[in-house]
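Engineer: Construct the entire structure; sequences and hints are all you get.
For what it's worth, the working numbering labels the leading residue of the sequence shown as 1, then goes sequentially.
Derived from the structure by calculation, the hints contain no laboratory data.
Certain hints may be false.
Simulated restraints on C-beta separations [unchecked claim]:
#1 L36 - E92: 32 to 40 Å
#2 E66 - N31: 20 to 28 Å
#3 D38 - P106: 12 to 20 Å
#4 S89 - G51: 18 to 26 Å
#5 S98 - M75: 19 to 27 Å
#6 M75 - D104: 32 to 40 Å
#7 G33 - W85: 30 to 38 Å
#8 S105 - D38: 26 to 34 Å
#9 P77 - R29: 27 to 35 Å
#10 K65 - R29: 16 to 24 Å
#11 F111 - P72: 17 to 25 Å
#12 K49 - M75: 29 to 37 Å
#13 G33 - S11: 28 to 36 Å
#14 V95 - K58: 14 to 22 Å
Subject to a maximum C-alpha distance of 27 Å in a straight line, what follows is the list of computed BS3-like cross-link-like pairs (lysine-lysine) [as the list claims (entries may be wrong)]:
#15 K58 - K88
#16 K58 - K78
#17 K78 - K59
#18 K65 - K78
#19 K49 - K65
#20 K88 - K60
#21 K88 - K78
Note that the Cβ used here is the ideal one computed from N, Cα and C, for glycine as well.
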Amino acid sequence: MPYYNLSIIPSETELFTSLAGEILAATERMNAGDALEDDLPTAADLARKLGYRLETVKKKLRVLKEEGLIQPVSMTPKRYRFNFWALKSLDEAHVLHSLFCEPDSPHYIEFHH
Numbered sequence: 001m002p003y004y005n006l007s008i009i010p011s012e013t014e015l016f017t018s019l020a021g022e023i024l025a026a027t028e029r030m031n032a033g034d035a036l037e038d039d040l041p042t043a044a045d046l047a048r049k050l051g052y053r054l055e056t057v058k059k060k061l062r063v064l065k066e067e068g069l070i071q072p073v074s075m076t077p078k079r080y081r082f083n084f085w086a087l088k089s090l091d092e093a094h095v096l097h098s099l100f101c102e103p104d105s106p107h108y109i110e111f112h113h
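Structural biologist: Have a look at this one:
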């Protein structure tokens, strides 16, 4: 079992932006033809790479999925891709809107499609 320093708990912002950023980058690589669908990350991949507990990652992925920002593209293992179109319909009152949709945010995701 990996060792996790539980005294260092990431902020909600850090966690959401790290997860969304990793899935966004993988989706862009796939869309550009530089990666395959099998290269999209799973919850376990994200937990390992970012150093978060798997349960924590799954909870945050569920929120991103409920808002439509990510969608599973396979069942076993469940791999995630970013849904750029969901940015346009994200509720302005939601915390994720201020993170990803407001140009003044350091985590702003520019979408040209």
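Engineer: The structure should be examined with respect to each hint, and the outcome stated for every one.
Structural biologist: Tested hints:
| no. | hint | verdict |
| --- | --- | --- |
| 1 | L36 - E92: 32 to 40 Å | holds (35 Å) |
| 2 | E66 - N31: 20 to 28 Å | holds (23 Å) |
| 3 | D38 - P106: 12 to 20 Å | violated (31 Å) |
| 4 | S89 - G51: 18 to 26 Å | violated (32 Å) |
| 5 | S98 - M75: 19 to 27 Å | violated (33 Å) |
| 6 | M75 - D104: 32 to 40 Å | holds (38 Å) |
| 7 | G33 - W85: 30 to 38 Å | violated (20 Å) |
| 8 | S105 - D38: 26 to 34 Å | holds (32 Å) |
| 9 | P77 - R29: 27 to 35 Å | violated (18 Å) |
| 10 | K65 - R29: 16 to 24 Å | holds (20 Å) |
| 11 | F111 - P72: 17 to 25 Å | holds (21 Å) |
| 12 | K49 - M75: 29 to 37 Å | violated (21 Å) |
| 13 | G33 - S11: 28 to 36 Å | holds (35 Å) |
| 14 | V95 - K58: 14 to 22 Å | holds (19 Å) |
| 15 | K58 - K88 | holds (24 Å) |
| 16 | K58 - K78 | holds (11 Å) |
| 17 | K78 - K59 | holds (14 Å) |
| 18 | K65 - K78 | holds (12 Å) |
| 19 | K49 - K65 | holds (20 Å) |
| 20 | K88 - K60 | holds (20 Å) |
| 21 | K88 - K78 | holds (25 Å) |
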